[in-house]
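Protein chains: 2
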Amino acid sequence: MKKLMNDVESLLGESLNGFAKAHSDIVNLTTQPYFISRKALSQGKVALISGGGSGHEPLHTGLVGRGMLDAACPGQIFTSPTPDQMMAAAEAVDTGAGVLFIVKNYAGDVMNFEIATEMLEGESATVLVCDDVSLPANHSTGRRGVAGTLIVEKIVGAAAEVGADLATCQSLGDRVNKATASMGVALTSCTVPAQGKPTFDIADNEIEMGVGIHGERGIETIAIKSASEIVEQLALVIEADLNITSGQKILLHINGFGATPMMELYAVYELAEAYWQQRGVEVIRSLVGNYTTSLDMAGCSITVTVMNDEFTKLWDAPVHTASLNW
Amino acid sequence: MKKLMNDVESLLGESLNGFAKAHSDIVNLTTQPYFISRKALSQGKVALISGGGSGHEPLHTGLVGRGMLDAACPGQIFTSPTPDQMMAAAEAVDTGAGVLFIVKNYAGDVMNFEIATEMLEGESATVLVCDDVSLPANHSTGRRGVAGTLIVEKIVGAAAEVGADLATCQSLGDRVNKATASMGVALTSCTVPAQGKPTFDIADNEIEMGVGIHGERGIETIAIKSASEIVEQLALVIEADLNITSGQKILLHINGFGATPMMELYAVYELAEAYWQQRGVEVIRSLVGNYTTSLDMAGCSITVTVMNDEFTKLWDAPVHTASLNW
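Listed in order, the protein sequences are those of chains A and B. Residue numbering for the first sequence follows the working numbering, starting at 43 and increasing by one per position. Residue numbering for the second sequence follows the working numbering, starting at 43 and increasing by one per position.
Next up, chain A with everything else stripped away, as it sits in the complex:
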């Protein structure tokens, strides 16, 4: 294992300290317990809090700021944060309108956010993100939350910023989640520092379809094929799941897992855009880049959100975070 780090134990703390210093105009870092919070809180606004295992940066810490999250709770790598982090973050950023937790659907995250919700004195609600359609809708633990989480956070963040109340934000988040589907492909595994070796083996001529974002195996190992064929295989599943039909408008998000060059991500975007265009589906908004990563994994996911005027207006609203700015 080769990593730019001092040791496994110090990496997360050093990284969070560096992040907070590099973006000291936008965020504060609290270390006991760890959370990143928005520097300029907006009084009377619903507070949006997300979090999850580290290793997916810029998700979620890089999405804290005006128009998006008020706080992010980073766990150890690929490990849920603890309820005390969520409670401390909630107490720090709740300015009276309650807290909305945006939680990716993993057993540990769900349990810990539930505990925090139960122990919190203030009003709170939760949006559970489960956009990974590589798993069947009736999967035992439910579908995983992956790159679509960013889209939920952006759209709900914009609504909260202009005064939507807690119930409205929660319902909006649920609707964005329902309108969103993702599926990913990995070319390589990733190496968790504490393990010191790749989380799965994959041959030089194989790719892994339907991967999540924790270096877990996908649903199928196949021989590598052309980008067009890969895009089609991913898009077909998304299309069927969301029941996308001609005339609809979508947001198309190509998310890199961390080690895939931008050149390849934009080529995938081009091919995915063509896929939808051929079906009479209009790509009206896009996002291409490494946003929901899996450490040093090569590969990408395709995320589609079926848009309406409400979602589009909120997507377009100003955002000022370390990693999304417009």
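If you're looking for bench data, these hints aren't it; they were derived computationally from the structure. Because the structure is a prediction, the values reported are computed rather than measured. Some hints here could point you the wrong way.
The list makes no distinction among identical chains, and a pair is therefore deemed to hold if it is satisfied within one copy or across any two copies.
Claimed, not checked - Below, a list of computed lysine to aspartate or glutamate pairs in the EDC-like style, where the Cα atoms sit at most 20 Å apart:
no.	residue 1	residue 2
1	K291	E165
2	K44	D243
3	K81	D67
4	K291	E352
Since chain A is already given, all that's left is putting chain B on it; use the hints.
For chain B alone, kept in the frame of chain A given last:
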């Protein structure tokens, strides 16, 4: 070799098409010959044009837009663009105040930009960027232009945007280049699609110090060491080259080569910031992320620019491109 692509020949074109579609609010793509240009030109403004081999994205295409470049000419991967690209780009974006070419110091790029300059009818000037201090100042072909190029482009771009004339932009670019030094470390090599295998071999316990951005070997292969030791080795060379002394203010840019997780880049930032703080040098601005990449290489470079009030004001000026936005 595993890449998300259809074939070696189509990758660049598909990628540029995808890029232009994903950012159609900011840029236009011309395909005969290839260049990316700013959609909303500013009449009477000095036009800034850069370019170079592809494989370094988001440099330079992702830096076209208000407050930065007016056009970027992408060559094949790690190969200089041709003079016809530069001339076509110049003709498209010169609105009467002349063209400033910002060129990274590589023999092919320098030669082709020179040819374009000679053949152009309009007024033009060139800033040659040579910030890579891993090579001695008297190196036969001069020092290479690496991640400091972005800083030259940002600062000069801001000056051009508010009306600086061609000579002023050129002189400013030269001054930023002189105030800037970079040095990089690679943990892995990178794979150029047309070659199909890594450009150099490196053992699992080795790192390559003083690498450039084209998968070339660095100046020294050493056993891997701690991030603090790596940062110190890089920073010492930068410090000596720029003769940085206590009381100075710097911009600190940690640039990922493409396959290094943000978590590691922020940890490197934290350690580098501490290095300068211990010497009484104040980090007043920062940029952390994958900006001047080398395809799928793991590793990073440290870039320092010694700042003054003029540079700082121009760095802070608004910018609206695919990859830098504030």
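Cross-check of the supplied hints:
For the homomeric pair K291 and E165, neither the shortest alpha-carbon distance inside one copy (35 Å) nor that between copies (46 Å) is at most 20 Å. When the C-alpha separation of K44 and D243 is checked against a cutoff of 20 Å, the pair qualifies both within a copy, at 17 Å, and between copies, at 14 Å. With identical chains, the CA atoms of K81 and D67 are at most 20 Å apart within one copy only, with a shortest distance of 7 Å there and 30 Å across copies. For the identical chains of this complex, K291 and E352 are intra-copy neighbours only, at 12 Å inside a copy versus 45 Å across copies, given an alpha-carbon limit of 20 Å.
Figure legend: structure checked against the earlier numbered hints; the only hint not met is number 1.
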